[in-house]
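Residues per chain are reported as follows:
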Amino acid sequence: MAGSGNNRSRLLLVILLVSSLFLITLDLRGVGLTAGSRNITQTVLSPIQKAASDIFSPVGRFMSDVKNFGKAKAEITDLKLANAKLKKQAAFSSDTQGQLNQLKGVLDLAGRGGYKVVSARVIGRGSASTFSQTLTLDTGSNSGITKNMTVISENGLVGVVKNVTANSCIVLLMSDPTFRIGVRVARSQSIGVLMGEGSGSYTLELLDPSGSLKVGDSLISIGSDNNRPYIPGVPVGVVTNVDHTTTSLTQRAKVNSYSNLNDLGVVSVVLAAPATAPSKAINPTPRPTVTVYVTPTPTATLTPTLSTLPSPSPSKVKK
Amino acid sequence: MSPSRLGISTAFLFFVFVIQESVISRIHLPITGFSLYLAVLVCLISLEDGNGAVVMGFIGGLVLDLAPTSQSPFGQWALIFTIIGYLVSTNLESIGDFTAEPMTSVLFISVGSALALSIYLAAGAVLGENIGTFFRALVVIFGNFIWTLLFTPFFLPLIRRARESTLTFRERK
Chain A
1 MAGSGNNRSR
11 LLLVILLVSS
21 LFLITLDLRG
31 VGLTAGSRNI
41 TQTVLSPIQK
51 AASDIFSPVG
61 RFMSDVKNFG
71 KAKAEITDLK
81 LANAKLKKQA
91 AFSSDTQGQL
101 NQLKGVLDLA
111 GRGGYKVVSA
121 RVIGRGSAST
131 FSQTLTLDTG
141 SNSGITKNMT
151 VISENGLVGV
161 VKNVTANSCI
171 VLLMSDPTFR
181 IGVRVARSQS
191 IGVLMGEGSG
201 SYTLELLDPS
211 GSLKVGDSLI
221 SIGSDNNRPY
231 IPGVPVGVVT
241 NVDHTTTSLT
251 QRAKVNSYSN
261 LNDLGVVSVV
271 LAAPATAPSK
281 AINPTPRPTV
291 TVYVTPTPTA
301 TLTPTLSTLP
311 SPSPSKVKK
Chain B
1001 MSPSRLGIST
1011 AFLFFVFVIQ
1021 ESVISRIHLP
1031 ITGFSLYLAV
1041 LVCLISLEDG
1051 NGAVVMGFIG
1061 GLVLDLAPTS
1071 QSPFGQWALI
1081 FTIIGYLVST
1091 NLESIGDFTA
1101 EPMTSVLFIS
1111 VGSALALSIY
1121 LAAGAVLGEN
1131 IGTFFRALVV
1141 IFGNFIWTLL
1151 FTPFFLPLIR
1161 RARESTLTFR
1171 ERK
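Chains A and B supply the protein sequences, listed in that same order.
For the first sequence, the numbering used here gives the first residue as 1, with consecutive numbering after it.
For the second sequence, the numbering used here gives the first residue as 1001, with consecutive numbering after it.
These are calculated hints, taken from the structure and not from any lab test.
Accuracy of the hints is not assured; some may be wrong.
Label pairs and their calculated CB-CB ranges [said to hold, decoys possible]:
no. : chain 1 : residue 1 : chain 2 : residue 2 : range
1   : B       : 1154      : A       : 211       : 45 to 55 Å
2   : B       : 1150      : A       : 89        : 43 to 53 Å
3   : B       : 1150      : A       : 29        : 36 to 46 Å
4   : B       : 1015      : A       : 22        : 21 to 31 Å
5   : A       : 193       : B       : 1118      : 23 to 33 Å
6   : A       : 210       : B       : 1126      : 32 to 42 Å
7   : B       : 1091      : A       : 244       : 47 to 57 Å
8   : B       : 1154      : A       : 10        : 29 to 39 Å
9   : A       : 266       : B       : 1002      : 45 to 55 Å
Glycine included, each C-beta is placed from N, C-alpha and C at the ideal position.
I would like the entire structure built from these sequences, with the hints used as guidance.
Written out as structure tokens, the structure is:
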């Protein structure tokens, strides 16, 4: 009896293990059934998450404030210092005002189109058991959101839309270890790849080993083909530490993001980048060239013997 | 394990899963987040014996695989918790009846949650997933262990009572 009981247990274990492996194989082969089940769960969960967000967001914010208390205090001190510095600089700004007006004109030209965005509320976050850094938004395909759209906050890049249902979507945060984005160093125009690390800091790898990189350099997104998944020109982060190791083939740096991903309440999903993106190629108009037409004037009658010979210059004719 | 209790346990696990995804994951705890679902599932597995632990592990894992924010293949958690259920069921006699001692139970659930996360990371590495730096993974596992250790005493008695109420007359004996 005990033997048959053991056999039944082993059979059950084998069946369940094989079922699990079968599901994993189906998912890795891209069968829609498994992805569909997660979409259904998201559709079911999003109204509950919305309600829970309204009720429990003060609790979440309180815990976040407690967590960031020291950081906030340091930030206030920094801001006070920066404010004093800015007041001093304002006195000397009259000279630069003229230059600024010109610069504004250039920037206005570049960003005249603007991005078409839809705003959304954050109603959920990736749980501790999934290891993924995600947000759930209360807006979905009914508002025009599709997969692979850029998500921005008031300060800069937040992430990219990973999954969409009718009334909600999941955003892969830029802090996720799988996140990669092409960025440009604003000062030197060197380009590189920014990688999430699962925490508040990021790693930047310059593509050009001789590229210039300094602490304090701002990074902006390069953009992708057809602006999917990333639109160009979004502020991404600031370099906080440059690794000057000579053994490395590429330059690496530590970066802090402009957006505080822990305190996001409302974000915007970019539906469309400007139709006339400044990154598009410009065909230069050719400068008009001067064409000179010469009308031959009638010359003196030449003898038939001379007409077949090249005419020598008069000075070289020997008499 | 009776079919009715299996149904009730599945519904209860789904309820905890919804709470986890809607409420618990919104709270920013220091170090890292707390997974109530993992703690409850490990607790239920530890209370079952034999085939019950394996089946509970498989169903609990499947519910966790439904997490829309998850990037791992569907079925990975089911595989992990089936293995954990089997390990618990085969070693229950050698471990002894720790469920009568509250502190040992809490410690077992905390270690079980941490073990589940570790196996998940190992399986993810085998399947080629990018889960970040090793240090970050350690912090997540350690943080979850600490929070499970602190919060489990609050809900463990409730789960045990709720489970006892679903036991059949034969199972009570």
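Hint-by-hint comparison with the structure:
1. Here the CB-CB span from residue 1154(B) to residue 211(A) is close to 54 Å, well matched to the stated 45 to 55 Å.
2. For residue 1150(B) paired with residue 89(A), a C-beta distance near 50 Å keeps the hint of 43 to 53 Å intact.
3. Between residue 1150(B) and residue 29(A) the C-beta distance comes to about 41 Å, which sits within the given range of 36 to 46 Å.
4. Between residue 1015(B) and residue 22(A) the C-beta distance comes to about 27 Å, which sits within the given range of 21 to 31 Å.
5. Taken as a hint, the range 23 to 33 Å holds for the pair residue 193(A) and residue 1118(B), whose Cβ atoms sit roughly 30 Å apart.
6. The beta-carbon spacing between residue 210(A) and residue 1126(B), approximately 39 Å, falls within the hinted interval of 32 to 42 Å.
7. Distance hint check: the CB atoms of residue 1091(B) and residue 244(A) are about 52 Å apart, consistent with the given range 47 to 57 Å.
8. Judged by the Cβ atoms, the range 29 to 39 Å given for residue 1154(B) and residue 10(A) holds: they are separated by roughly 38 Å.
9. At about 48 Å, the CB distance of residue 266(A) to residue 1002(B) agrees with the hint of 45 to 55 Å.
Violated hints are absent here; each numbered hint is respected by the structure.
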